[in-house]
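Undergrad: Fit chain L to the known structure of chain Z by using the hints.
Chains as they are written, first to last, in our numbering: chain Z, 1 to 364; chain L, 1001 to 1595.
If you're looking for bench data, these hints aren't it; they were derived computationally from the structure.
C-beta: ideal position from N, C-alpha, C; glycine also.
There could be a bad hint or two in this list.
[As the list claims (entries may be wrong)] With a straight-line cut-off of 35 Å between C-alpha atoms, the simulated DSBU-like cross-links for lysine-lysine are:
#	chain 1	residue 1	chain 2	residue 2
1	Z	Lys65	L	Lys1593
2	L	Lys1587	L	Lys1347
3	L	Lys1029	Z	Lys65
[Claimed, not checked] A few chain L residues facing chain Z, derived, Cβ under 7 Å:
#	residue
4	Pro1247
5	Gly1492
6	Ser1496
7	Lys1500
[As the list claims (entries may be wrong)] Over 12 Å on every C-beta distance to chain Z, these chain L residues come out as not near it, computed from the model:
#	residue
8	His1038
9	Ala1155
10	Lys1158
11	Tyr1233
12	Pro1254
13	Arg1255
14	Tyr1369
15	Pro1418
16	Leu1436
17	Pro1497
18	Arg1508
19	Leu1520
20	Gln1525
21	Pro1533
22	Gly1562
23	Lys1593
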Amino acid sequence: MASLLERLQAGAPLSWDLALVTDSLDDAGVEAVTAARVLDPARVLVAVDHDTPAGTVAVAEKQRKLLDFARDQGLPFRYGQGIGYHLALEGGLKPGSVAVCCGRHAAVLGAGGVLGLSLPPKELKTALETGTVSLPEAEVCRLRLAGALDRYVTAWDLALHLAPRCRGTLAVLGGGGLDFCQRAAVCGLLAASGAVTALFTEEPLDGAETVELAAVEPMAVLPGNFERIVPASRVDGLRVNQVFIGGCAGGTLEALRQTAAIWRGRRVNPYVRVLVAPATAAVYAQALEEGLVEVFMEAGALVMNQGCSACWAQSQGRCDGGEVFVTTGFINCPGWAGRGHNGIYTAPVERAAWAALTGSLFEN
Amino acid sequence: MDERFESRVWRLGDHIDTDVIIMTKYLAKSSLRDMVPHLFEPLRPDLAAKLRPGDCIVAGENFGCGSSREMAASVLKTAGIRCIIAKSFAKIFFRNAINNGLLLIECRELYENCREGDTVTVEVGRELRCNGRTYPIPAYSPAVLEILRHGGLVARMKAMDKSAVGAPPPENPFRNRHQPGRTLAEQLLIQNTGTLVKPGDVVTVRVDEAVLHDIYAPYIFRQFRDMGFDRVYDQDKVSVMVDHLYPTCIDDDPRCFRYSRRFQDEYGVKRLCAGEGISHQLALEQGIAKPGKVVFGTDSHTTTYGAVGAFATGVGYTEMASIIGSGQLWVRVPSAIKVVVNGTLPKGVFPKDIILRVLGDLTAAGAIYKSLEFTGSAIAGLSISGRAAIANMAVECGAKAALFAPDEKTAAFCGVDPAEFAWLRFDDGAQYERVLTYDAGELEPYMACPYSVDNVHPLREVEGTPVDQVFLGSCTNGRLEDLAAAAKVLEGRRISPYVKFIVTPASREVYRQAAELGYLKTLIQAGAMVTHPFCGLCQGRSGGLVSAGEVVIGTHNRNFIGRMGSPQARTFLASPAAAAAAALEGKITHPGKYL
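Looking at chain Z on its own, in the form it has when it is part of the complex:
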């Protein structure tokens, strides 16, 4: 089989390896996707992962349609077992594979070397029926990460550093020695800030630009979108109302270990609402095994069920008024976590964990 880079180069329709259908779809999207006659059920995963357990009756109705779709066509189905991307990777989706879905963070699959393509619902329907997908027309941006990040600089900072360069491109990254959580943060945030998708590869990257990791500094992005990327010092000292550690990068085992290391023997600030959510049931079980969950509970944080939780924020971790919500998640739209609320600050695990303890955001 040709390498993924060669397949990308060829530009022809790709035969995808996995189609992921989740409840991130709106009602029209569910209608479009579930109208598909699926060509190869074994290559599909229907994972209800965003708003679990269902926050409203309307959401329950939508999820019901996905369940019926899976049951009627014999598709693998998981309800509330964790974030679909991570379930796919845990299920053995190999580096070099191609996955299609409608979720805006499909690039997170790139942390596992998988090309994750986010399609509009109608195109996903076509893909489900044909087994193939056309590549988006986008520059392939090859980046080789060299050196190492400074001690207080994180993958979140790296992603914000790279964001302007990667907008509109299909970013392929190599090197850097990042762990799974860090790779998920880079890929997810690049997609959130406008890259078509992003992935890490072990394949040789001919003609790649070099990114000196040592040059990356602590960064922040102001709420509302991913346009206003600023030095982290701009948000230093912000008083915080809610902290979420979870989502595609913050819910990984690495992130939970990191959080536990910071919180062990400490208590979260009583004026801050603090939520932690493991990405998947397997991560949750492992975190229990390692005693991480005990640390979270002792610290006074809430431990949520596995899944998207307060990154999706539609029924877990709502905010109001002028509240400041620090999250390891990748969504910061106005009104997302509460009507009229616009105070979502994406932050690295360390800074989120410290904000939970101190009640303030620090620049590093």
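TA: Only chain L this time, still in chain Z's reference frame:
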């Protein structure tokens, strides 16, 4: 208060519960006016828009049953409802209505003889006239009348002399002495008041503990200040429980979190539990509930504390404001029903099945304002958790309190010397209005079927019903032994692939122990979504709402129409083992074969 008026009739049925009056999801809204358009939404979504100031509601039995939410009364008052005429009223709703100056009239005959749109003439305390007929109605007790004359409890408390708050109790000649010929409830109230009270007496009790909840915090705060209080009666005896709205699930929730904190900061309340678990479990774990205490909480399931021999019951937010200001509350001494359960429970039959059977036999209005007192060898054999599950649900038949005589288990659980409460015990000479006697060996798994808690059937009658969602949790059955029973059923197994399975431990301590004993891992690996310990789905605000046609098996305490989402969904209440077995098979099944 007008002594005579005319009013247009809206006619509703029996058992109009507080969830039907105003759904839980609207309770945290910042004003009562914002809730008015949602009155009676699950039952008659078009009704709220038609209500006009001055209208009245005529209903059947047990109006206002269910939760202690005062909004059920205060939103009706805000909508301008002049009075409610029903065959009978649930006890907490009755008090809440009076405290809001909302007139309630008990009349058994009018209901059958009026239609919607009729005009009824009311002469308060004397009679009703409608369609040419006259119906006599009872006069109010002096305590009630005084509140109504003030237009509600806030004005009544505002006028109160506050200088006596916190004065030491008078000499009590009956203290720590067993009173022969008395029910447990009477003994507790005699111990508290120092007066030889009898059922029907209205007495003022000294409040040993007051437990208030985040969902009502902004309202309690406002009423408290409007009553003219500037300090709580005892900073050690008031507990703020942030258990309904944290994690924040709806936009209205963060405000309640902030108000709960403000309560602590402004009034120096010592105990605030945020995200620690459900108040009723915490009350047991932290000794808020102890034998002999009198406890009030802003949640109807406060009856749970009777498991350790505390006289405990739910109140509304206005009454709570008056309690934390004054340290006292008027109580009508309840008459009592004794429930005797002897023998040994068969395999697969749990304390939940005992209380379901009792609720089915007594019916939802069968113990309004009664003390339900449990005894017998099977009861003696139950753990405090098992007793708590029973006491918890006593409110579902209208009981004011549920009581168990404290024993060695109680002493060990509460860390007290049995000699301290030797006075509190069953007395053969006590007068019980009714005695129900059961042989435990003849009990079987039961289910409360839609849409009422007293629609109880043996599980076998509904066996095989396909199930879409299973909920294991709540102040009824979210304790360690409940998780243990479910883990035993599910050990090494996977739940049915299309079942949604939600597990919510009752407290951090329960969670911690369940983690340590491996139950959580077993449940997660079986396919459960284990949530943080809090009230969770039981409230029906979020976290597992269901769509039309779905079937839910829950270990909680209410299966009212629409409480868990769509009014076309159906909820069955059962024991944790029966719930786990349903998750496993995807249909209702007897849990015995997995135990």
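Undergrad: For a quick check of understanding: which of the numbered hints are violated here, in increasing order?
TA: 5, 6, 12, 13, 17, 18, 19, 20, 21 and 22
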